[in-house]
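Chain residues, written in single-letter form:
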Amino acid sequence: MTAGMQSLTRRGFVAGSLAAAGCTRAPGTAAAVSIVKCAAYGQEIYATVRRTLAEHKLNVRGKRVVLKPNLVEFEPGSSINTHPMVVHAALEAFRAMGAADVRIAEGPGHRRNTFDLADSAGYFDVIPGFEDLFTDLNLDDVTEVKLASPRAKIKSLYLPNTALGADLLVSMAKLKTHHWAGATLSMKNFFGLVPGGVYGWPKNVLHWSGIDESINDLHAALPRAFALVDGIVGMQGNGPIQGTPKNAGVLISGRSLPAVDATCCRIMKIVPERVHFLQLADIPARIEQRGEAIGEVATAFDLLPQHQSLRA
Amino acid sequence: MTDRLLDAQNPDGGWTYRRGASWVEPTAYALLAVAAARESARFSRGAAWIRKAQQPDGSWPVQPGVGGAAWVTALAALLGPETLGDAPFSRAVNWIAAQVSQAHTWSERARLALFGHGCNDASTHGGFSWVPGTAGWVTPTAVSVLALEKALRLRADTVVQERAQLGRGYLLSRRCRDGGWNHGAYRVLGVEADSYPETTGLGLLALHGDELPQSRDLAARQLASCRTAEGTSWLRMALLAHGRSPASPRAPRCFDTRDCALAAIADQAAKGRNPLLV
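Protein sequences appear in the order of chains A and B.
For what it's worth, the working numbering labels the leading residue of the first sequence as 1, then goes sequentially.
For what it's worth, the working numbering labels the leading residue of the second sequence as 313, then goes sequentially.
Excised from the complex, chain A in its bound form (with noise of 0.2 Å):
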């Protein structure tokens, strides 16, 4: 056993048991999601993003974040990456909120060089000192999981040690279709939290253990989460990679993250309860909409022929 497995081993890792930094929600209440619009990657993200988590009232001052963003492949410009300005918003908005240390880290799923996708997608640009603040996640010291109550086929998971001792856990996705999902939002970029030094690029484990079901038992694995999705440039079509850039302008987030991709898949103009990965999900009941009604900024995104079904 590592020195790392070993210090994450005292903090008692039974997914689903955690204790949360005041991010859990009382059986019966309303999950909260934000929706504010933002036309474009200016510095007006800023405050936006600032007032947005501000609203969510999330307890970090003394606490450890993890910001986990989505990073795919090496096309600058293009809507596939979460934003750097995003990011970058997010990590001094947490910082202003008292939190102890606040990183950012991400694993991808096909490109092994993190730092050089990272790099391409401007990060060490618009990010002072990037480099001290990112973690590989596919390369990182791990802890093996058994997962609770698993779904999918694989019953444990060896899990990063930056994601497993984050106090709070940040899914920074893109607001994308996917071509096997129907949707990629701030569940399934979980998937970027699974060690391609362990499974392998692409993590193919998750593919044969079941997709839809490995995307929630990610989800129930790490409870401490919260979803600030990036909707100001999406991707539609034949996504996560292929697709064609969708201007939507908005910014979404909450700490259910069914709740919000369920609102982030209504304002694609697809119905969340068809979506597989999110009827296995346990989209809360009732869903306090903030910020910008639905109506207001839904915008059909295109779909691939197989996934028609899913549009409202």
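Worth flagging that the hints you see were computed from the coordinates, not collected in a lab.
The C-beta atom is built at its ideal place from N, Cα and C for all residues, glycine as well.
The reader is advised that the hints may include incorrect statements.
Only pairs whose alpha carbons sit at most 30 Å apart, straight line, appear in this in silico DSS-like list of lysine-lysine [what the hints assert, rightly or not]:
#1 A:K37 / A:K63
#2 B:K583 / A:K155
#3 A:K63 / A:K269
#4 B:K364 / A:K146
#5 A:K57 / A:K37
#6 A:K63 / A:K153
Footprint (simulated), chain A over chain B, 3 or more residues, beta carbon under 8 Å [what the hints assert, rightly or not]:
#7 330 to 341
#8 369 to 379
#9 440 to 450
#10 488 to 502
Using the hints, position chain B against chain A.
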């Protein structure tokens, strides 16, 4: 670069990627890169670390105590009997030659056909997987082919020969339309996918005995604009192995041990001796 690699060695003798515990992959690449210093105490400690990490069935895990057998067995095998010892090397080669990816089964072939991945005889022969029990992919296949070839240079073996040939067949069947390779999904849902410089270099290196002009020409173009240290290293090695003398490219930054080790190995290849091909 050799000094930089030796200085990065962990106290336990292995190497990490950037920080933290030692892993088999960076340790194997680092040892391959610094083999010229094999008489040194630091090399000896690294060799001892990797020998100790081998499992009873001849395989290596990605890290001691993490998971079971994995693709890095082929990387360790590339260190050869001179580093591992004759018996450990033979056990490793036997383990590699016995691997069959899930793509080799009829159910996977049916799934591939159903979802438009393309299903012809060469593709269904199966490559080597990252983790046993899953599909074959380009990187573990290429590394495994190189490891089996090393074994064949030392001793003829029909089983090893046939398995290496199957692996080469998989690589040939998984080229993207531009002649290069990505991770192995050259077509997804009927849509052609693009190649990556890293896997193009590695795939082409593993097929160093084949005449592949389209792939070779693509590799040369990719080298001219490659943004990663890893890709630059693999492409250099591949072009050298295919008889080209690539111009020394600008060197993208090395972010971790693997980048540094591969750059050192590529430099050795440019001087006429690639540790992965001897």
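Outcome of the hint check:
Proposed proximity of K37 of chain A and K63 of chain A is supported: the alpha carbons are some 29 Å apart, at most 30 Å. Taking the CA atoms of K583 of chain B and K155 of chain A, the gap is about 49 Å. The hint is violated against a cut of 30 Å. Between the alpha carbons of K63 of chain A and K269 of chain A the distance comes to roughly 37 Å, so the proposed pair goes past 30 Å and is violated. With a C-alpha separation of about 27 Å, the suggested pairing of K364 of chain B with K146 of chain A holds against the 30 Å cut-off.
The hinted pair formed by K57 of chain A and K37 of chain A meets the criterion: a straight-line CA distance of about 20 Å does not exceed 30 Å. Between K63 of chain A and K153 of chain A the CA atoms are separated by roughly 34 Å; this puts the pair beyond 30 Å, and the hint is violated. For the segment 330 to 341 of chain B, the proposed coverage by chain A is satisfied: 5 residues have a C-beta within less than 8 Å of a C-beta in that chain, meeting the threshold of three. Against chain A, the segment 369 to 379 of chain B contributes 6 residues with a C-beta closer than 8 Å to a partner C-beta. That satisfies the three-residue criterion, and the hint holds.
With 7 residues carrying a beta carbon less than 8 Å from a beta carbon of chain A, the segment 440 to 450 of chain B meets the three-residue requirement, and the given coverage holds. Beta-carbon proximity to chain A at under 8 Å applies to 5 residues in the segment 488 to 502 of chain B; the threshold of 3 is reached and the given coverage holds.
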